[in-house]
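Protein chains: 2
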Amino acid sequence: MSRRVAIIGTGHSKFGNRGDVNIAELAYESIRQALDEAGIEPREIDFAYVSNVGGWSSEPLPAVVALEYAGLTGIGTMRVEAACSSGSAAIKAAYDTIKSGEADIVLVLGVEKMNESPTPTVVEFIGRAGNYFWEFQNFGLTFPGYYALYATAYMARYGATEEDLCKVAVKNHYYASFNPKAQFPRKITLEQCMQSRYIAWPLKLFDCSPITDGSAAVILASEEVAKKVTDSPVWIAAIGTASGTSNLSRRSDFTHLEAARIAARMAYKKAGIDPENPVKQIDVAEVHDCFTIAEIMAYEDLGFAKPGEGYKLVREEQTYIGGVIPVNLSGGLKAKGHPLGATGVSMAVELAHQLLGKVERERQAPIKHGVALAHNIGGTGHYAYVTIYTLEKPREA
Amino acid sequence: MSRRVAIIGTGHSKFGNRGDVNIAELAYESIRQALDEAGIEPREIDFAYVSNVGGWSSEPLPAVVALEYAGLTGIGTMRVEAACSSGSAAIKAAYDTIKSGEADIVLVLGVEKMNESPTPTVVEFIGRAGNYFWEFQNFGLTFPGYYALYATAYMARYGATEEDLCKVAVKNHYYASFNPKAQFPRKITLEQCMQSRYIAWPLKLFDCSPITDGSAAVILASEEVAKKVTDSPVWIAAIGTASGTSNLSRRSDFTHLEAARIAARMAYKKAGIDPENPVKQIDVAEVHDCFTIAEIMAYEDLGFAKPGEGYKLVREEQTYIGGVIPVNLSGGLKAKGHPLGATGVSMAVELAHQLLGKVERERQAPIKHGVALAHNIGGTGHYAYVTIYTLEKPREA
Numbered sequence: 000m001s002r003r004v005a006i007i008g009t010g011h012s013k014f015g016n017r018g019d020v021n022i023a024e025l026a027y028e029s030i031r032q033a034l035d036e037a038g039i040e041p042r043e044i045d046f047a048y049v050s051n052v053g054g055w056s057s058e059p060l061p062a063v064v065a066l067e068y069a070g071l072t073g074i075g076t077m078r079v080e081a082a083c084s085s086g087s088a089a090i091k092a093a094y095d096t097i098k099s100g101e102a103d104i105v106l107v108l109g110v111e112k113m114n115e116s117p118t119p120t121v122v123e124f125i126g127r128a129g130n131y132f133w134e135f136q137n138f139g140l141t142f143p144g145y146y147a148l149y150a151t152a153y154m155a156r157y158g159a160t161e162e163d164l165c166k167v168a169v170k171n172h173y174y175a176s177f178n179p180k181a182q183f184p185r186k187i188t189l190e191q192c193m194q195s196r197y198i199a200w201p202l203k204l205f206d207c208s209p210i211t212d213g214s215a216a217v218i219l220a221s222e223e224v225a226k227k228v229t230d231s232p233v234w235i236a237a238i239g240t241a242s243g244t245s246n247l248s249r250r251s252d253f254t255h256l257e258a259a260r261i262a263a264r265m266a267y268k269k270a271g272i273d274p275e276n277p278v279k280q281i282d283v284a285e286v287h288d289c290f291t292i293a294e295i296m297a298y299e300d301l302g303f304a305k306p307g308e309g310y311k312l313v314r315e316e317q318t319y320i321g322g323v324i325p326v327n328l329s330g331g332l333k334a335k336g337h338p339l340g341a342t343g344v345s346m347a348v349e350l351a352h353q354l355l356g357k358v359e360r361e362r363q364a365p366i367k368h369g370v371a372l373a374h375n376i377g378g379t380g381h382y383a384y385v386t387i388y389t390l391e392k393p394r395e396a
Numbered sequence: 000m001s002r003r004v005a006i007i008g009t010g011h012s013k014f015g016n017r018g019d020v021n022i023a024e025l026a027y028e029s030i031r032q033a034l035d036e037a038g039i040e041p042r043e044i045d046f047a048y049v050s051n052v053g054g055w056s057s058e059p060l061p062a063v064v065a066l067e068y069a070g071l072t073g074i075g076t077m078r079v080e081a082a083c084s085s086g087s088a089a090i091k092a093a094y095d096t097i098k099s100g101e102a103d104i105v106l107v108l109g110v111e112k113m114n115e116s117p118t119p120t121v122v123e124f125i126g127r128a129g130n131y132f133w134e135f136q137n138f139g140l141t142f143p144g145y146y147a148l149y150a151t152a153y154m155a156r157y158g159a160t161e162e163d164l165c166k167v168a169v170k171n172h173y174y175a176s177f178n179p180k181a182q183f184p185r186k187i188t189l190e191q192c193m194q195s196r197y198i199a200w201p202l203k204l205f206d207c208s209p210i211t212d213g214s215a216a217v218i219l220a221s222e223e224v225a226k227k228v229t230d231s232p233v234w235i236a237a238i239g240t241a242s243g244t245s246n247l248s249r250r251s252d253f254t255h256l257e258a259a260r261i262a263a264r265m266a267y268k269k270a271g272i273d274p275e276n277p278v279k280q281i282d283v284a285e286v287h288d289c290f291t292i293a294e295i296m297a298y299e300d301l302g303f304a305k306p307g308e309g310y311k312l313v314r315e316e317q318t319y320i321g322g323v324i325p326v327n328l329s330g331g332l333k334a335k336g337h338p339l340g341a342t343g344v345s346m347a348v349e350l351a352h353q354l355l356g357k358v359e360r361e362r363q364a365p366i367k368h369g370v371a372l373a374h375n376i377g378g379t380g381h382y383a384y385v386t387i388y389t390l391e392k393p394r395e396a
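As they're listed, the protein sequences go chains A and B.
Sequential numbering of the first sequence, starting at 0, is according to numbering that gives the first Met the number 0.
Sequential numbering of the second sequence, starting at 0, is according to numbering that gives the first Met the number 0.
Honestly, the hints are just simulated from the structure, not real lab data.
Please note: incorrect hints may appear among the correct ones.
Each pair may be met inside one copy or between any two copies, as identical chains are not told apart.
Unchecked claim - Below, a list of computed lysine-lysine pairs in the DSBU-like style, where the Cα atoms sit at most 30 Å apart:
{"no.": "1", "residue 1": "Lys305", "residue 2": "Lys269"}
{"no.": "2", "residue 1": "Lys279", "residue 2": "Lys305"}
{"no.": "3", "residue 1": "Lys13", "residue 2": "Lys268"}
Quick caveat: nothing in here was measured; it's all calculated off a predicted structure.
Looking at chain A on its own, in the form it has when it is part of the complex (with noise of 0.2 Å):
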C-alpha cells in the first residue's frame, strides 16, 4: 500500500527587502504561520527539510539555526539546493520520506536573505549557477543574459516581441497588486514596462524579477495524520524531476527548456493528466517567470500551448481568470518576488491556498477540477520540477 501525502498547514512571510529581521526570524514567520494551521505542537514534527541557496548571506548553514529559534531542536533535518527549484526540491525530499514510513509530519522550510549582499554580488553568484568554468568565466554571462538568448531566439522564431514580454509582466503585477505578501503589490502598465531601462536586450527591468528576501513553510504529513488534524487536506498527486546540460551549448535550441519538458510529462503520467491538452483539467498553475520569457516557455513546455504558440496565450490574456488557464495569480516571481529558496514553498503555499478558495477575491481561481501545478526551474532549466496538487486524494500508486 502505497501512502499519501497531503498539506496540512502553511504560511508565508512578507516578501521584500526585509532587512528588519535575521534569517532565523524571517523563517520563524512562516513556521509559526504553518504549525499555528495544522493545529500541532513543535514536538509532532518529525523531520525538516530546509531550502536555501545561500552564498549572500552571513549564516551560510542555516538549517539548525532557523529549526533552533523555532523550537524544533532535536529533530533530524538537511539543506537541499537545486539552484532557483531548491523549495520544489526540498517539497519532492519530504513527499518522499513520508511516502516511504520513515517520518509522518515533516516540515518544509524555504527561506532566502539575498539583501545581505550587495546586487552585483547577488547576481554574479547566480551566475554562478549555470555553468562556472565555461560560460560564467569566460563569458562572463549572468541570469538576465542567459534568458536574453532565450528571448532573442524565440522572437527570431515565432515572431514575439518586446510588447508580448511585458503582457506577462502586466498580468503578474496587477495579481500582485491584491497579493499583500508581495513584494511588489501594485500594477504597472504596458507603457511603464516598454519604457523601462534595457538590463540584457530585449529584457528590461520590468522583465525581471526582483532580488527577494522572504520565506515559505509547508507541513506535510501522511494520510493517517491528515485525517485527523484537517478536514481541508491538499495532496500531493505527483511530482516529475529532470535535470538538464549545466553547459548551454549542449542543449538543442533555445527556444525551450528540454528538463521542464520531461518534469511536466513525469508529472502528467504519474497524475493521470493527459499531456495533449492539461489545460482541461488543471485549474490553476503557478510557473517560473523569473524573466517574463520564461513564463512564454513554461505555457509550451507544459502543453498549454503549442510550441511557438505561447505568446499568444498572453497576447489574448488567456492567463488571467477567465481564460483558457490562469497562470501566477499571487503575482509570479516577477512581482511576488524571488527569494530563490523560498520560492518552490511558495508556490505550494498559493496553490493551497488556491484550491481551498482561500485567496483575495480578486485573484481567486475558479476551482472545477481541483487540481493545481506547479512549474519550478533551476538554473535556466538546468534542474525542473513539476509539482501537481489536488484537493481529492490522488490514486493508489
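With the hints as your guide, set chain B onto chain A.
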C-alpha cells in the same frame, strides 16, 4: 509492504590535494567505479542526490555540472547539505526515495574540493557551520576552538590526557597506512603527535583532520533491482537522525553530543540493536573523528563505552582489530581525510567493503554478525546521522 534498500555499487577517489582535476572530474572518478561495480548504465539511474557543502569552490552549485560530465543529464537531482554530515544526509534522502517507490535506482555522490580556497578562508567558512551571529561573529570561534572546548571539558571531568587523544590519531594513521585512497597513508608515533604544535589547546596539529579534496559514490537500489544485478548487496538496515542547538551556550554539557545519542538510539531501535550493549552486535564502525576528542565522545554517544570511559577504550587499544570493536579502519577523517560532502558517502563505501571482506588484509575487520555502523556529525553535533549497514536483508518495517 516496505521496500528494502541496498548498496549495489561503490566508488571512491583518492583523497588529498586534488589540484589535478576539476570538481566534475573528481566526481566522475567515483561515479565511474560505482557504475562499473553495479554493472549498470547511466540511463538506468532514476535520480541523483549530490552531497556538497561548497563555499570554497568556484563551482558553488555542482550537481548538474557533475552529472553532465558523467553522462547523466536528464535525471532529476538536488544538492544536499548538512555540514560535515552531508554525505549521510544524502544517503538518507536516497534511501527514502527508493523506499517510497518514487525511484528504483538512485546515485548518491559526495564531492568536495576544498583546496581551491586558501586554508584560512576554508577554516573561516567552516567556522560558520556553528552559529554565525552569536559565536562566530562575536567570539571568532572556528572548529579547532569548538572541539578544544569539548576536549578541555572532557579531560577536566574524566581525567583523560593529551596522550589519550594522540592515541586516537596513532590508531587512525596506522590503518590509513594500509589504505591507498587515504590522504595520509602513513603511520605516526605517539611522540610525533605529542610534539606537534598546538592549534587550539589541548588539540595539536595531529589531533585535527585535514583540508581534503575527494569524492565517493554509492548506487542504491530497491530489493527487486538489487537481486537482479548483484549477489552481494549490502543493505541499509536503519538510519537515525537528529539535530542539536546551533548555539553552544544552550548545550547541557560539553562532554557529549546530544544529537548523536538521539540518532544512535533511533537507529538501534529501528535495526533491533540493543542500545545497552551494541558492540555485541556490530562488527565494525566508522565514526566522525574530525578531531581526536570527537572519536572518544562518539564511543560514548554510541554506547560502545559508558559516559566518561571512552578514553579507556583508546588507552587499552580496544578499538583496534581484535579489540571490543574496531573503529575507523579506513584511517578515519583524521588520516583518510575529510572532504566534507564526501565523508558520509566514503563511510558507506568503506563499510560496504568491510562487510564484504574486500579491504586490504591488514585493516579488514572480522565479520561475525554482518553489521556495520556509520556515525557522521555536522558542526559540533548540530546534525547527527547514524546509519546501520548489514549483510542480511533487514526485517520488514
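Results of checking the hints against the structure:
1. Lys305 x Lys269: For Lys305 and Lys269, only the intra-copy Cα distance (22 Å) is at most 30 Å; the inter-copy one is 51 Å.
2. Lys279 x Lys305: The answer is within: 15 Å in one copy meets 30 Å, while 64 Å across copies does not.
3. Lys13 x Lys268: Neither: 35 Å inside a chain and 42 Å across chains, both beyond 30 Å.
Comparing the model with each earlier hint shows a violation of hint 3 alone; every other hint is respected.
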